[in-house]
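Asks: Take a look at the letters that make up each chain.
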Amino acid sequence: GENVEQHPSTLSVQEGDSAVIKCTYSDSASNYFPWYKQELGKGPQLIIDIRSNVGEKKDQRIAVTLNKTAKHFSLHITETQPEDSAVYFCAAGYGEKLTFGTGTRLTIIP
Amino acid sequence: IAGITQAPTSQILAAGRRMTLRCTQDMRHNAMYWYRQDLGLGLRLIHYSNTAGTTGKGEVPDGYSVSRANTDDFPLTLASAVPSQTSVYFCASRTGWSYEQYFGPGTRLTVT
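As you go down the protein sequences, you meet chains A and B in turn. Residue numbering for the first sequence is 13 to 122, as defined by the working numbering. Residue numbering for the second sequence is 249 to 360, as defined by the working numbering.
No lab work stands behind these hints: they were computed from the structure. Misleading hints may appear alongside valid ones.
Distance condition first, Cα-Cα at most 20 Å in a straight line; then the derived EDC-like pairs of lysine to aspartate or glutamate [stated by the list, open to error]:
(1) A/K54 x B/D310
(2) A/K54 x A/E91
(3) A/K49 x B/D286
(4) B/K305 x A/E51
(5) A/K70 x A/D96
(6) A/K49 x A/D39
(7) A/K49 x B/E348
(8) A/K83 x A/D96
(9) A/K80 x A/D29
(10) A/K54 x B/E348
(11) A/K109 x B/E348
(12) A/K54 x A/D96
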């Protein structure tokens with residue numbers, strides 16, 4: 013089955029700086045790579061996703077890059093703000109199943 | 249539109265007791281999922297259903313059962329709870345034409 017590794021487990025950045033979270037996956041058949049944000053006491057919420065036929069996707073301050081050859085993908089958050097503080101999960105999968113990474117707790121320091 | 253609702257919000261349960269976690273969605277999504285979330289382990293898939301009347305096993309199905317009698321409801325049952333089933337449980341759903349999964353607010357279950 014699929015195995016997804018996520019690093020780092022915790023990340024603290026100064027407000028206004030950029031944050032990068034990286035994930036690797038094992039199954040070359042995976043073709044869908046979403047990123048979820050989870051705030052305290054809430055369910056995960058999709059913030060951006062990418063398909064395997066695309067190398068990069070941006071949505072305002074958030075971007076995701078995918079390297080299929082190396083089997084890794086990354087989340088980039090620019091101009092970080094206090095409301096970006098949360099736990100972020102990557103996932104990889106195809107069809108109906110997703111395998112999640114173990115999460116990154118991002119703290120934005122004012 | 250409520251999206252996905254889960255009940256109860258939290259529960260403390262004695263070991264050996266039976267418990268059903270409820271999940272209802274009003275988006276007419278075909279696929280539904282149950283995950284458990286444990287610190288340091290992320291989200292792990294317990295069971296899923298691609299459409300009403302069908303179910304499948306995920307990564308950690310032992311000790312859990314599900315049913316999908318209709319499109320909207322996907323209950324998760326613990327037949328005889330054990331302390332290792334202490335976790336936060338999330339229900340999710342997905343349309344048939346998108347990979348995006350929508351998550352409910354979760355149920356925090358403590359088995360003592």
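Asks: If a hint holds in the structure, say so; if it doesn't, say that too.
Replies: Status of the hints after comparison with the structure:
For a cut-off of 20 Å, the pair hint linking A/K54 to B/D310 is broken: about 26 Å separates their Cα positions. At roughly 24 Å between alpha-carbon atoms, A/K54 and A/E91 are farther apart than 20 Å, so this suggested pair is violated. The suggested pairing of A/K49 with B/D286 holds, with an alpha-carbon distance near 16 Å, which does not exceed 20 Å. A threshold of 20 Å between alpha carbons decides the hint, and for B/K305 with A/E51 the separation of about 28 Å lies outside it, so the pair is violated.
This hinted pair checks out: A/K70 and A/D96 have alpha carbons roughly 16 Å apart, not beyond 20 Å. Annotation: proposed proximity of A/K49 to A/D39 is violated, straight-line Cα distance about 23 Å (limit 20 Å). A C-alpha spacing of about 13 Å is found between A/K49 and B/E348, which places the hinted pair at or below 20 Å, so the restraint holds. Taking the CA atoms of A/K83 and A/D96, the gap is about 26 Å. The hint is violated against a cut of 20 Å.
For the suggested pair A/K80 and A/D29, the alpha carbons sit about 27 Å apart, so the restraint of at most 20 Å is broken. Only pairs whose Cα atoms come within 20 Å are accepted, and A/K54 paired with B/E348 is accepted, the gap being roughly 17 Å. For the proposed pair A/K109 and B/E348, the alpha carbon gap of about 11 Å is at most 20 Å, so the pair holds. Distance restraint check for A/K54 and A/D96: the Cα-Cα separation of roughly 15 Å lies within the 20 Å cut-off, and the hinted pair is therefore satisfied.
Consistency note: the structure conflicts with the earlier hints numbered 1, 2, 4, 6, 8 and 9.
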